Amino acid sequence: MAKFLTYSHDDTWIHRLCGATKLIFFILWSVLGMITYDTRVLLAMLIISMIAFYMSKIKYKQVSMVFKVICLFLIINILAIFIFSPYEGTKIYGTRHDLLHLFGKYTLTKEQIFYECNVALKYFTVIPAALLFIVTTNPSEFAASLNRLGVNYKIGYSISLAFRYIPDIQRDFNEIKQSQEARGIDMSKDVSLPTRVKSMGAILFPLIFSSMERIDVISNAMELRGFGKSKKRTWYTARPFTRMDYMVIIFTVVFSIISLVFTFYDGSRFYNPFM
Amino acid sequence: MKKPVIEFTDYSFKYRTQKEPTLHNINLTIMEGEKVLIVGPSGSGKSTLAHCMNGLVPFSYTGESTGTLKVGGKDASKSSIFELSKDVGTVLQDPDGQFIGLTVGEDIAFSLENACVPLNQMKEKVLEAAKIVGVDSLLSHSPQDLSGGQKQRVSMAGAMTNDVNILLFDEPLANLDPATGKYAIELIDEIHKSTKKTIVIIEHRLEDVLYKNVDRIILVCDGRIKADLNPDKLLTTDLLQQEGIREPLYITAMKYAGCHVREEDSPSNLDNMNIAPYKEQISQWFSSRIEPLAAEKREALLEIKDISFSYQKGEEVLKKVSFTVYKGDMLSIVGRNGAGKSTLSKLICGFQTPDKGQILYQGNDLAGYSIKKRAEKIGLVMQNPNQMISKPMIYDEVALGLAARGVPEEEIRPRVEETLKICGLFPFRNWPIAALSFGQKKRVTIASILVLNPQIIILDEPTAGQDFRHYTEIMEFLREMNEKVGITIIMITHDMHLMLEYTSRCVVISDGTLISDSTGAKVLTDSSIIQSASLKETSLYELSMKCGIEKQDGSAFVQHFIEYDKGVRTRG
Chain A
5 MAKFLTYSHD
15 DTWIHRLCGA
25 TKLIFFILWS
35 VLGMITYDTR
45 VLLAMLIISM
55 IAFYMSKIKY
65 KQVSMVFKVI
75 CLFLIINILA
85 IFIFSPYEGT
95 KIYGTRHDLL
105 HLFGKYTLTK
115 EQIFYECNVA
125 LKYFTVIPAA
135 LLFIVTTNPS
145 EFAASLNRLG
155 VNYKIGYSIS
165 LAFRYIPDIQ
175 RDFNEIKQSQ
185 EARGIDMSKD
195 VSLPTRVKSM
205 GAILFPLIFS
215 SMERIDVISN
225 AMELRGFGKS
235 KKRTWYTARP
245 FTRMDYMVII
255 FTVVFSIISL
265 VFTFYDGSRF
275 YNPFM
Chain B
4 MKKPVIEFTD
14 YSFKYRTQKE
24 PTLHNINLTI
34 MEGEKVLIVG
44 PSGSGKSTLA
54 HCMNGLVPFS
64 YTGESTGTLK
74 VGGKDASKSS
84 IFELSKDVGT
94 VLQDPDGQFI
104 GLTVGEDIAF
114 SLENACVPLN
124 QMKEKVLEAA
134 KIVGVDSLLS
144 HSPQDLSGGQ
154 KQRVSMAGAM
164 TNDVNILLFD
174 EPLANLDPAT
184 GKYAIELIDE
194 IHKSTKKTIV
204 IIEHRLEDVL
214 YKNVDRIILV
224 CDGRIKADLN
234 PDKLLTTDLL
244 QQEGIREPLY
254 ITAMKYAGCH
264 VREEDSPSNL
274 DNMNIAPYKE
284 QISQWFSSRI
294 EPLAAEKREA
304 LLEIKDISFS
314 YQKGEEVLKK
324 VSFTVYKGDM
334 LSIVGRNGAG
344 KSTLSKLICG
354 FQTPDKGQIL
364 YQGNDLAGYS
374 IKKRAEKIGL
384 VMQNPNQMIS
394 KPMIYDEVAL
404 GLAARGVPEE
414 EIRPRVEETL
424 KICGLFPFRN
434 WPIAALSFGQ
444 KKRVTIASIL
454 VLNPQIIILD
464 EPTAGQDFRH
474 YTEIMEFLRE
484 MNEKVGITII
494 MITHDMHLML
504 EYTSRCVVIS
514 DGTLISDSTG
524 AKVLTDSSII
534 QSASLKETSL
544 YELSMKCGIE
554 KQDGSAFVQH
564 FIEYDKGVRT
574 RG
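Just so you know, the sequences run in chain order A and B.
For the first sequence, the residue numbers in my numbering are 5 to 279.
For the second sequence, the residue numbers in my numbering are 4 to 575.
Isolated chain A, as found in the complex:
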């Protein structure tokens, strides 16, 4: 249950890449995905993401939960755009081809559909890259790669520790919840919301206290073994950059530059099929 979205051990060329390489790819890919609305660029990115995702041998089951949540947000986003700005597409592309009059001021236009498809496309180009990064990067290597990009290792380490302890805290939460339920604190839907919120306290307080104990133990253990002693540290999981890493980075950078040039060549970041 607690296994979704955690590092899964495998041995594909994507797993073998350095954490830092994947982080660079992820950052550039996301930025690019956010900037460009050029459908051709987005389609190319989508295809590359899909191929990489397929090659990493990640099973859909591992990410299905997150995928569904993101899709939900996507739908909300698309509907919201239409409700608040039904003629955004016409504004952007400068033409108007009506398809269907819905009601009141709402008319479905070709331009709007095209624009919203682009928004959806953006989501789908970035999602696989994000999942790829999370699922194929060992958390310790994640800290190491942040460190390599110049982030203080203490910050990187605390982030990766937090990830590591999520399953433990989930387990504590369940145990506490069960024992409080046994004492009669009802968390089910039968009781009113204010009662449930109040009952939440009966779980959160013990959870906070037992987590603090955990933190105390782990921070002592870390300090006793010299964590934070010097400004730098080395990493047991560190791997030297291989040729593959350089190739991926060069590819990402070159692809980004070309895409940006391509996107802004005609003076707008939108690809316009209507003119």
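Possibly wrong hints are sitting among the right ones.
Stated by the list, open to error - Residues on chain A that point at chain B, a partial pick, calculated with CB under 10 Å:
(1) Asp14
(2) Ala206
(3) Arg218
Hints were generated in silico from the structure; no laboratory data involved.
The model shown is predicted, which means the values in this text are computed figures rather than measured ones.
Idealized CB from N, CA, C, for every residue including glycine.
Chain A is fixed; fit chain B onto it per the hints.
Same frame as chain A, now just chain B:
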């Protein structure tokens, strides 16, 4: 000529948050290569003493000190945790809580990483340390996949990588099952012999540590050193008893038999002990026993019938477990970590539903009962009181279950007050819970369950991490509940003393199967059960063998001790 590696001279320490000093005028020298055991009751200052050695005091837990402390020849007060960690490697209790790395190798490497050791050297050193403790084939495994004993080995390797001279073990046995504990002590001894490092062990399970030889025992009480003796000498005194430390059971048995144990017979280790002078007295004491009466037939309260359960398909955690709990029972469920003990309690409380089988309460199937309904019949007390306590005041915490059930306030007050009286907490009723000791908090959690008037209470490791005095306090309290209030008590435990001394029946679970349902005395003298459930033979049995008592009478000898001991305790 050996040189001193740890030297306390007139050393006192007071925590910033406390009025009174925790350590008074400590004078203690530990020499290079020595193996020293520090014992003392909870709150005696033994942990503080250990923290002084590794620098957690005063650098992490601040306070004022007087006198001097030298570690490795350097003044510790002018040092830092980091500096001291080059001399002192610490192995904390609970290996689970201190795993930092995602793999065994990474965890062992942690202190090397922090010391900026280059990668190729680091790999060499990790391998070297892993070889010493025998985990070199597990370097790429995740710590969660290891057994308790392997985890302990990994933490030891992690503490040794920095070429430290001193290894400090802070209650290494606290969370281990008996067999793993024995294994850990063997391993410490091996490391001591092969590396010649100085070893300091803080522990209150004296008998378990004495399984292998130690050079000296330091008894700490009220922040002072009460005794600094070799183990043989210490066991001939009454000091341990006075200070509430449990002496080895065979020593207690010999004292009950009227023997005066002498230092020259090396009583610190039963295997090497010269038992001849005491044989006759012990046999005589044994023959004075009264056969216990056969227990009368009682009413079945809870029947577990052919329960099977799995979290994941194909991996059965419990396989066809059946047993019956009778009214007024005091029962223990034992078995190694992951054997399925906790799962069983979750099934009984209704947190999980069995795949097959039935649980009957007074003949009625519990399957249709909600968690809340079951809780009015069967209460569960968790191991860590901090996982249960959610109110700042004692009264409110105990009243919580009643209030949640909509019991009117005028009924709540008398019920809570009566429960607090039973639990000996009435004088504290208006205290904040934060002001209580661990043992008292435990009582609060028991009270908060008791107030719902359940017929059965299930306790998960009720005495974990408790010293002998608190252990006795909690267990005598539970026995009183059992005898006077008539509550049925089920305990899940690793503690062999507990199962011997306080439970009339003992259910042993191994790999999800019930392998024995008998008395503690029978279980702990049966080598096949001991092995498959990761228990340890009681030293009483070994003593009876050494005294030439017939093998089949071994468990009767243990039983006699328990009855006698119970008599001594109730007489005070």
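Hints, verified against the model:
no., hint, verdict
1, Asp14, "violated, 14 Å"
2, Ala206, "holds, 4 Å"
3, Arg218, "holds, 6 Å"
Hint 1 from the list above is the single one not met by this structure.
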